[in-house]
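Protein chains in written order, with the numbering used here: chain B, 1 to 303; chain F, 1 to 166.
These are calculated hints, taken from the structure and not from any lab test. Quick caveat, the model's predicted, so the values are computed rather than measured. Honestly, I wouldn't trust all of these hints.
[Said to hold, decoys possible] 20 Å max Cα-Cα, derived EDC-like pairs, lysine to aspartate or glutamate:
1) B:K62 x F:E165
2) F:K71 x F:D47
3) B:K215 x B:E174
4) F:K19 x B:E166
5) F:K73 x F:D47
6) B:K73 x F:D133
7) F:K73 x F:E96
8) F:K153 x F:E165
9) F:K71 x B:E71
10) F:K37 x F:E51
11) B:K73 x B:E189
12) B:K162 x F:E166
13) B:K66 x F:E96
14) F:K12 x B:E59
15) F:K73 x F:D148
16) F:K12 x B:D84
17) F:K12 x B:E180
18) B:K235 x F:E118
19) F:K143 x F:D133
20) B:K215 x B:E225
21) B:K162 x F:E109
22) F:K19 x F:E39
23) B:K66 x F:E64
24) B:K145 x B:E180
25) F:K56 x F:E134
26) F:K56 x F:D32
27) B:K108 x B:E71
28) F:K154 x F:E51
29) F:K12 x F:E118
30) B:K162 x F:D133
31) B:K145 x B:E166
32) F:K155 x F:D32
33) B:K235 x F:E16
34) B:K235 x F:E109
35) B:K162 x F:D31
36) B:K73 x F:E118
37) B:K62 x F:E64
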Amino acid sequence: MFSDIKAGDTTPTHNHSSVRDWIVGDACTIHYTVMEQQHNAQESPTKPSEYDPDINQDELIKAQEKQIAEEIKANTAMIGSLDDLSTLEQEYSNDPVYSGKVKTLLPKYCNVRRTRPDGNCFLRGFIFAYLEYCIHHRDELARFKKYLEGSKEELFEMGFPKFTTEDFHDMFMEVVSDLEGSGSVDRVEAVCNDGGTSDYLVVYLRLLISSHLQKNAEFFSFFIEGGRTVEEFCKQEVEPMYRECDHLHIVALTAAVGVGVRVMYLDRGEGAAVASHDFPEDSTPVIHLLYRPGHYDILYNKA
Amino acid sequence: MCEPQSALLLRKQLAELNKNPVEGFSAGLIDDNDIFKWEVLIIGPPDTLYEGGFFKAHLIFPREYPLRPPKMKFITDIWHPNIEKNGDVCISILHEPGDDKWGYEKASERWLPVHTVETILISVISMLADPNDESPANVDAAKDWREDYNIFKKKVARCVRRSQEE
Chain B
1 MFSDIKAGDT
11 TPTHNHSSVR
21 DWIVGDACTI
31 HYTVMEQQHN
41 AQESPTKPSE
51 YDPDINQDEL
61 IKAQEKQIAE
71 EIKANTAMIG
81 SLDDLSTLEQ
91 EYSNDPVYSG
101 KVKTLLPKYC
111 NVRRTRPDGN
121 CFLRGFIFAY
131 LEYCIHHRDE
141 LARFKKYLEG
151 SKEELFEMGF
161 PKFTTEDFHD
171 MFMEVVSDLE
181 GSGSVDRVEA
191 VCNDGGTSDY
201 LVVYLRLLIS
211 SHLQKNAEFF
221 SFFIEGGRTV
231 EEFCKQEVEP
241 MYRECDHLHI
251 VALTAAVGVG
261 VRVMYLDRGE
271 GAAVASHDFP
281 EDSTPVIHLL
291 YRPGHYDILY
301 NKA
Chain F
1 MCEPQSALLL
11 RKQLAELNKN
21 PVEGFSAGLI
31 DDNDIFKWEV
41 LIIGPPDTLY
51 EGGFFKAHLI
61 FPREYPLRPP
71 KMKFITDIWH
81 PNIEKNGDVC
91 ISILHEPGDD
101 KWGYEKASER
111 WLPVHTVETI
121 LISVISMLAD
131 PNDESPANVD
141 AAKDWREDYN
151 IFKKKVARCV
161 RRSQEE
């Protein structure tokens, strides 16, 4: 699994009761969770498990993954409401490591907006936070629109199929033009929570990342694991929906679009403070995201 | 939005394919009122065993297209290692990445949202010319293909002949 999920963090630390509570990370972690559950079930003394050749374990896992994904879809908005940061503190009231770290965020940040953990959380969080920023910075919206206009030809040059690429592009342009006219945070919220539109924006960002990685393949090839080429990496980890974003995706996206992002890493790593990283390095971040192993949410700076 | 994005995209592709047909296949709808159910006619690719055949197949798109792939099923009988006896096409680009059942195939060939009817059919046509016997859907056809090529040729020739009569 190409992801910087840390083993100690993917396993739940409390006794959770329902399937939904189990899920702390994104789609990618579901598989792990399901296997763990099945493993535990097999150890139960009341139900000795025997190998049944008529049951396809892969299909069982797939069915359960699908059920979990459906449950997440039904219960979590793609972009949630603006919550006070104290809700995050409450979430970890029984966890001294996390609650201690959350406290160090309080002087800098005031709010959090949760995203749906479906493997697209980084990209959806990015789009929402950036478009929201653009609502208050019209010159940036104009710059982005210009960039977006030019990006289509670039993707064609990289060999992306014209038909679908154009469709994703046109949708993004429509959204940006609409925001230029009647832009409001409510409007951004509506757009990012409309399934068809929101997913299309995510797909287009994935194409931009893929294109940037492939254009700079020589450089990025050093960071790709598993003996894969940059192109293979893009086809497996970047272009498909519901694949989680890792460092490489973030480096590529922020460089391609020219938007600074600060990620605050809330995990069980050493130290009392939450580590942070700016993409691209030395940039001034306009978006702040909270990372917890396998998942990204949006943070709001204190004014 | 009164019509889902997937329907709009499929409608555009259908119009484009009617205006500028692509060599090797033709495409239409099974029922004019349902844009999610396509019928395609694939012309057996030249210089292959399937040359001269006309193979009818259905493409059933999910509402989440192009985020998720369509399913494809041959209606005309066809003998091929990667097509099940009931006509279901087992080609890796019609499967999503991380789909474990198909874990033995290279993930680089999986479904991507940029795929169109045209790119799907190009892959299927190339599959006809070049079967992948590592993951056969029709084990008997794969066995023929590997072990008794003459029998394989005969069975395919029979399918081609029948397809011309339909």
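Evaluation of the provided hints:
For the proposed pair B:K62 and F:E165, the alpha carbon gap of about 41 Å is over 20 Å, so the pair is violated. At roughly 27 Å between alpha-carbon atoms, F:K71 and F:D47 are farther apart than 20 Å, so this suggested pair is violated. Restraint check: the Cα-Cα separation between B:K215 and B:E174 comes to about 27 Å, which exceeds 20 Å; the hinted pair is violated. At most 20 Å may separate the alpha-carbon atoms for a hinted pair to count; F:K19 and B:E166 meet this at roughly 18 Å.
Among the hinted pairs, F:K73 with F:D47 is inconsistent with the structure: their alpha-carbon atoms are about 23 Å apart, more than 20 Å. Only pairs whose Cα atoms come within 20 Å are accepted, and B:K73 paired with F:D133 is rejected, the gap being roughly 38 Å. This hinted pair checks out: F:K73 and F:E96 have alpha carbons roughly 17 Å apart, not beyond 20 Å. Of the pairs offered as hints, the one joining F:K153 and F:E165 holds, with about 19 Å between alpha carbons and a cut-off of 20 Å not exceeded.
Between F:K71 and B:E71, the direct Cα distance comes to roughly 24 Å. Violation of the 20 Å bound is thereby established for this hinted pair. Distance restraint check for F:K37 and F:E51: the Cα-Cα separation of roughly 26 Å exceeds the 20 Å cut-off, and the hinted pair is therefore not satisfied. Of the pairs offered as hints, the one joining B:K73 and B:E189 holds, with about 17 Å between alpha carbons and a cut-off of 20 Å not exceeded. With a C-alpha separation of about 35 Å, the suggested pair B:K162 and F:E166 falls outside the 20 Å cut-off, and the hint is violated.
With a CA separation close to 13 Å, the supplied pair B:K66 and F:E96 stays within the 20 Å bound. Restraint check for F:K12 and B:E59: the C-alpha separation of about 35 Å exceeds 20 Å, so the hint is violated. Taking the CA atoms of F:K73 and F:D148, the gap is near 26 Å; set against the 20 Å cutoff, the hint is violated. For the hint pairing F:K12 with B:D84, the CA-to-CA distance comes to about 45 Å; that exceeds 20 Å, so the pair is violated.
With a C-alpha separation of about 27 Å, the suggested pairing of F:K12 with B:E180 is violated against the 20 Å cut-off. At most 20 Å may separate the alpha-carbon atoms for a hinted pair to count; B:K235 and F:E118 meet this at roughly 18 Å. Taking the CA atoms of F:K143 and F:D133, the gap is near 9 Å; set against the 20 Å cutoff, the hint holds. Our distance criterion of 20 Å between C-alpha atoms is met by B:K215 and B:E225, whose separation comes to about 18 Å.
A C-alpha spacing of about 19 Å is found between B:K162 and F:E109, which places the hinted pair at or below 20 Å, so the restraint holds. With a CA separation close to 17 Å, the supplied pair F:K19 and F:E39 stays within the 20 Å bound. Proposed proximity of B:K66 and F:E64 is supported: the alpha carbons are some 14 Å apart, at most 20 Å. The straight-line distance between the Cα atoms of B:K145 and B:E180 is roughly 9 Å, inside the 20 Å bound, and the hint therefore holds.
About 25 Å separates the Cα atoms of F:K56 and F:E134, which puts this hinted pair outside 20 Å; it is violated. The straight-line distance between the Cα atoms of F:K56 and F:D32 is roughly 17 Å, inside the 20 Å bound, and the hint therefore holds. Among the hinted pairs, B:K108 with B:E71 is inconsistent with the structure: their alpha-carbon atoms are about 34 Å apart, more than 20 Å. A threshold of 20 Å between alpha carbons decides the hint, and for F:K154 with F:E51 the separation of about 13 Å falls inside it, so the pair holds.
A C-alpha spacing of about 12 Å is found between F:K12 and F:E118, which places the hinted pair at or below 20 Å, so the restraint holds. Using a Cα cut-off of 20 Å, the hinted pair B:K162 and F:D133 is violated, with the two alpha carbons roughly 32 Å apart. The hinted pair formed by B:K145 and B:E166 meets the criterion: a straight-line CA distance of about 15 Å does not exceed 20 Å. Pair hint F:K155 plus F:D32 does not hold up; C-alpha atoms about 34 Å apart against a cutoff of 20 Å.
Between B:K235 and F:E16 the CA atoms are separated by roughly 26 Å; this puts the pair beyond 20 Å, and the hint is violated. Between B:K235 and F:E109 the alpha-carbon distance is near 8 Å, which keeps this suggested pair within the 20 Å criterion. Straight-line distance between C-alpha atoms of B:K162 and F:D31 comes to about 27 Å, which puts the hinted pair past the 20 Å bound. Note on B:K73 and F:E118: the hinted pairing is violated, with a Cα-Cα distance of about 31 Å set against a maximum of 20 Å.
For the hint linking B:K62 to F:E64, the alpha-carbon distance of about 18 Å falls within 20 Å, and the restraint holds.
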